[in-house]
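Engineer: Here is how the chains run, residue by residue.
There are 2 protein chains.
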Amino acid sequence: MRSFKVAIVGFGSVGQGVAKVIASRNGIFDEAHAEFKIVAITDSKGAVLDPKGIDISSALKQKREGTLKRVSMSSLDVVKNVDYDILVEVTPTDARTGEPGLSYIIEALSRGKHVVTSNKGPLANQYKMLLGLSKENNVKLLFEATAGGAMPVFNLARTPLAGNKIKSIMGIFNGTCNYILTRMITEELPYDMVLSEAKELGYAEADPTYDVEGIDTALKLVILANAVFGMDVKLDDVDIVGISSITLDALKLASDDGYVVKLIGEVRPNGEESILRVSPRLVPKTHPLAVQGTLNAALMQTELAGDIMVIGKGAGSIETASAILSDMMYIASSKD
Amino acid sequence: MRSFKVAIVGFGSVGQGVAKVIASRNGIFDEAHAEFKIVAITDSKGAVLDPKGIDISSALKQKREGTLKRVSMSSLDVVKNVDYDILVEVTPTDARTGEPGLSYIIEALSRGKHVVTSNKGPLANQYKMLLGLSKENNVKLLFEATAGGAMPVFNLARTPLAGNKIKSIMGIFNGTCNYILTRMITEELPYDMVLSEAKELGYAEADPTYDVEGIDTALKLVILANAVFGMDVKLDDVDIVGISSITLDALKLASDDGYVVKLIGEVRPNGEESILRVSPRLVPKTHPLAVQGTLNAALMQTELAGDIMVIGKGAGSIETASAILSDMMYIASSKD
Chain P
1 MRSFKVAIVG FGSVGQGVAK VIASRNGIFD EAHAEFKIVA ITDSKGAVLD PKGIDISSAL
61 KQKREGTLKR VSMSSLDVVK NVDYDILVEV TPTDARTGEP GLSYIIEALS RGKHVVTSNK
121 GPLANQYKML LGLSKENNVK LLFEATAGGA MPVFNLARTP LAGNKIKSIM GIFNGTCNYI
181 LTRMITEELP YDMVLSEAKE LGYAEADPTY DVEGIDTALK LVILANAVFG MDVKLDDVDI
241 VGISSITLDA LKLASDDGYV VKLIGEVRPN GEESILRVSP RLVPKTHPLA VQGTLNAALM
301 QTELAGDIMV IGKGAGSIET ASAILSDMMY IASSKD
Chain S
1 MRSFKVAIVG FGSVGQGVAK VIASRNGIFD EAHAEFKIVA ITDSKGAVLD PKGIDISSAL
61 KQKREGTLKR VSMSSLDVVK NVDYDILVEV TPTDARTGEP GLSYIIEALS RGKHVVTSNK
121 GPLANQYKML LGLSKENNVK LLFEATAGGA MPVFNLARTP LAGNKIKSIM GIFNGTCNYI
181 LTRMITEELP YDMVLSEAKE LGYAEADPTY DVEGIDTALK LVILANAVFG MDVKLDDVDI
241 VGISSITLDA LKLASDDGYV VKLIGEVRPN GEESILRVSP RLVPKTHPLA VQGTLNAALM
301 QTELAGDIMV IGKGAGSIET ASAILSDMMY IASSKD
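Line by line, the protein sequences give chains P and S. So that you can map any letter, position 26 of the first sequence is 26 in full-length UniProt numbering, and since no number is skipped, the others follow by simple counting. So that you can map any letter, position 53 of the second sequence is 53 in full-length UniProt numbering, and since no number is skipped, the others follow by simple counting.
Just chain P, same shape as in the assembly (with noise of 0.2 Å):
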């Protein structure tokens, strides 16, 4: 059985369903051998530490009741400073300088740490340094849950797709964006009526522009292209539209032609040929991709295999802590 000590940076929905899943039930890890023990989480205010492992149910109490108690180490001095061996990335994307976790992440790697994390804005921002600092340390740095929540896009391109040449990857990476999409053609209501109502249901944020503009599904396009393609590309390489211009009209026209309208990402790396685009595109009512809701798909086109296609829920906070797990669990069952 090895061990691994964890320290959760970031502790709002996701970091707490790390913290409770692995504090709930250790007992699903027996296969890959392998034991967490949470030795420090962190928030923007305070801290819990504890090397003998953190007593979960007291943590996730002093959160409901505000912040984790203030104590003198600030969250990049238990990432320099505590031991453990993965650290749990998880504090809020910023899309345009991927900070605070860019700086978390880059002193974890360069003490031998692995890390796992869902911040989309330093893996779009500084994808290829930061693969180089993790092969340099010889640590592992994985992102299951930065693209498409519980859709295993990068898993499915790390091992079973292997060997198996992809040529491009294509689906609808935002949520919301679908929900809205979706709801606006079932129930002929205008963008305005269901954006609002997609608030009201928490299935959009108060300010909706990083998704509805589509800068979101870009991040992730971004983070595909330079993990599975190896391209060296940043947000602004990325052509975006988003749908807050589409109007119902359009919806119902496309929908008598047989087509939904989706917010599709897709990139195709060709040299200077290159697609990384996100753009309102139509799909036949009957192909795989024009699923509804708030679900997320990816179609990868490969060489041997033909189209492949992955369904998941692209958010919630249950479903990105389960991608953030299974990127443990891969570290734990790796030999190195």
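The hints are simulated quantities; they were obtained by calculation from the structure and are not laboratory data. Incorrect hints may have been included.
You can't tell identical chains apart in this list, so a pair holds if it fits in one copy or across any two.
List of simulated lysine to aspartate or glutamate pairs, EDC-like, C-alpha gap at most 20 Å [said to hold, decoys possible]: (1) Lys-234 / Asp-207; (2) Lys-128 / Asp-249; (3) Lys-5 / Asp-232; (4) Lys-285 / Glu-188; (5) Lys-285 / Asp-256; (6) Lys-20 / Glu-303; (7) Lys-165 / Glu-35; (8) Lys-165 / Asp-232; (9) Lys-45 / Asp-237; (10) Lys-285 / Glu-187; (11) Lys-285 / Asp-257; (12) Lys-69 / Asp-50; (13) Lys-80 / Glu-188; (14) Lys-20 / Asp-94; (15) Lys-285 / Asp-50; (16) Lys-5 / Glu-65; (17) Lys-234 / Glu-273.
Starting from the known structure of chain P, fit chain S onto it as the hints suggest.
Structural biologist: Only chain S this time, still in chain P's reference frame:
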């Protein structure tokens, strides 16, 4: 760079596909730092052997002109005596006995050789015994190609969903049935006519019983039940209803209500109440499982990640070869 000597037993379309891919583009395996060298190929009548690596184009030429050269060794002799690291067992499936593949697999595992197979018969009949044998001899027995060709079901269950309990699997595991059912309703043609057409197009065998009566789907379900859920079931344990008595009228009625009819295999372990069945079932047209044509689809209900679906080509010699290669890559990248 690790080098693996490969013996291919069965030189039909799948065996030839594997040989072609290995011969033509060994470079694709660079990522796994592995090299595969084919040292033996056998079919039911003859064999080609060369410890330094077989000239594939010459073997393919022999095959085009009839069978491989007759030699004094049978396939079983080759499996028992030749020096190889991985046996690729791709002989035809016998649902009831699993032979001759079963004997080949037993011999190879007993000799401490890895086995990769696309043959459903041996696994559906003797999974538990074969798994025991592989563990005893510390080698891998992999069979991604058995359930849904290029659709990576086992791989998905093995790594990306590790640590995330799978509660049930249901899906479309037979492209022939899916083609027939899709074509009947989209073209409004009766079963017999579509079946004849499917035979002409090569989507159905001259004797289609195995596919249309649900036996193929049931075999795949048995392998999933045993391999993913650790059950110990056989073909006789599956409740099977095929599609041969489905009428166009029934499909039309379903369609009017917003449903399509699909031949669904479902496994849901639950002790005495376990479900293991193959039957035509109604699927809402908007449900991701409502895939058309010859596509296969599998929906996994998971505890943490919700429903995850994978869609892919279920048949085709290159697609099946691709699944076999993926398994070979997995062996090459494993550290034990």
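Engineer: Of all the hints given earlier, name the ones this structure violates by number, lowest first.
Structural biologist: Hint check: 1, 2, 3, 9, 13, 14, 15 and 16 fail, others pass.
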